[in-house]
Amino acid sequence: MLRYFFRRVIALVPVVFIVSVFSFALLYMAPSDPITMKYAKRGEMPPAEVIAQEKAALGLDKGFVQQYSNWLTKALRGDWGSSYDTNQPVAEIMKSKLPNTVLLTFSAVLIMLVFAYPLGILAAVCRNRWIDYAIRLFSFWGTAMPTFWLGLLLMYWMGVRLRLLPVMGSGDFKHLVLPATSLAIWMIALYCRRIRSGIVAEINKDYVTGLKARGYSNTRIYLRHIIPNASISILVMLGLSIGDLLGGSMVVEVIFGWQGIGSVALEAVAYRDYVVLQAYVVWMAIIYTFVNLAADMLVCLINPKVRLTEKAV
Amino acid sequence: MNIWIKKITENKIFCLLLTLNILLVVFFLFAPQFAPNSPIEIHADHTLLDSSGQYPLGTDQLGRCFLSRLLYGGKSSLLMTIGIVVFISLAGTTVGIMAALAGGAAEQIFMRFLDVVLAIPSMVLVLVMVSIFGNGIVTTTIAIMSVSWITYARISHSLVLEFRESNFIKQAHMGGVRSVRILFKYVLPNVFPHIIVVATQDFGDKLLLLSSLSLLGLGAQPPTPEWGYMLSEGKQFMQRAPWLLFYPGFLIFIHVIMFNLLGDRLQDILDPKET
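If you read the protein sequences in the order shown, they are chains W and U. Numbering follows the working numbering, in which position 77 of the first sequence is assigned residue number 77; successive positions increment by one, without gaps. Take the position in the second sequence, starting the count at 1, then add 313; the result is the number in the working numbering.
Errors might be hidden in some of the hints.
What the hints assert, rightly or not - Residues on chain W that point at chain U, a partial pick, calculated with CB under 10 Å:
hint: 1; residue: Val15
hint: 2; residue: Phe22
hint: 3; residue: Phe140
hint: 4; residue: Trp149
hint: 5; residue: Arg161
In short, the hints are calculated from the structure, not lab data. Note that the coordinates shown come from a computational prediction; the quantities given were computed from them, not determined experimentally. For glycine and all other residues, C-beta sits at the position ideal for the given N, C-alpha and C.
Whenever a hint applies, use it, and build me the whole structure from the sequences.
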């Protein structure tokens, strides 16, 4: 287990390295640079020599490798540069906005787990009866429903019509409910279908017949054997879904005015604020890879097959 | 290949769905013809009107005929989505097959590289590409294309690997069939059905991606009507004119659900192992 963990972490090093090169290349090749942006904002353009001088002072005239290593050493120390637009240190922006996005996505996952499991299990147990068809219909509807439209409709009904929840804003629990729900519904729809088919695939396996023959109760078979076995593939998929969720959260953040990293990134695109965008790319990649690592580790814990083959290798 | 076509044409529900889908898309490609008013003409004294004879679905915040805007609003997104799906499935599949045929270190390095690119969530990558190419419906389309072919490359690559090890290919090799002939005669006909299933199911996803980027202001630029962007405009007036929210979203939803239905049906026919 520990060896597997270390091997996986070591395998991540090239990934993080290439992502960092990629996002630095973005800044390097970007049509805007901090000095020109600074003057453009003030609305005056000094002579070319002054700009060249200031660029040299920041080390912007050096070669790619030199600039990259400078940038990397600074970034590793937590200095990500300052936004071209607001002049605020990027690390500070990340520190204040990133937790909100993480909170939003993880609440969505939590809501998904709370609803998708009971629905998926119910559909599998009552398969090919009306309740199964109803759940499958819901799942079909949910996967086709545009997240942004659902968010707007929820906002209209819950916020404007019924006045149950605040329409926009960010911070406390009340503001979290609507954005997290609109993100979660799509996932509930997707996962209750997957959980259902995972369980249905397990039900017909020989070990279930064996357990039944030995007189174990249905509840016990489900809780101790079928559901954990079906959960393995769900867990792997969940890790991969986090990427879609982190990206998808941007739309929801903008619609609901949730102060997350997505809306920051969108503004960065609008102002061609490449320093901020760069930090955004790196952090999204880091979160995504580490969530996937965590998912794989959990699979390894649950599934003895992975553990044993890993030992044999 | 003929077996697939026969299987498809024999399935009545699929043929019905396919016809409906084509009708739906063709309707919205030609819908501007039926628009009663100009979609961009501004009437400052007719803002946010309810439905009437002159404006069947009312007007938006600038007094523009909402029905006309809806009818115009699908054309560009649908065309762009079709373009995206066709391009990425063809380009991605070609690259994937070529990587698998190249073999050796080149294949390994290239596929590893794609894995690393996929360590960045695709929406984030698309956003980066938009920041490089600029806002606008065409540049956003290019941004989406430049990122999403990778999925197809990986799928077709793994399919070819799977077939490379299968007995009928090995037998063909032993029988002295030339590699080019094996590729066109045995490998491609087996890869294509899977790719078509994935592409059909992908249509809805790509339409959603494109409209969400438009909603964020990165896609179609005003005053061009576009369903996604119309939603973000409608949001500000949801108290007075909720219809501005209902219809554009509903039209996107209908297209996505129709193509998902078609894709699922196609999967049942061509790739029945997953139920």
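Evaluated hints:
Interface hint status for W/Val15: upheld, as the beta-carbon distance to the closest one in chain U is roughly 5 Å, under 10 Å. With a least beta-carbon distance of about 8 Å to chain U, the hint placing W/Phe22 at the interface is held under the 10 Å criterion. Annotation: W/Phe140 was flagged as interfacial toward chain U, and the flag holds, the nearest CB pair being 7 Å apart, inside 10 Å. Interface restraint check: W/Trp149 against chain U, minimum CB-CB distance 3 Å, threshold 10 Å, status holds.
Evaluation of the W/Arg161 hint against chain U yields a held restraint, the C-beta minimum of about 9 Å falling below 10 Å.
The structure agrees with every numbered hint stated previously.
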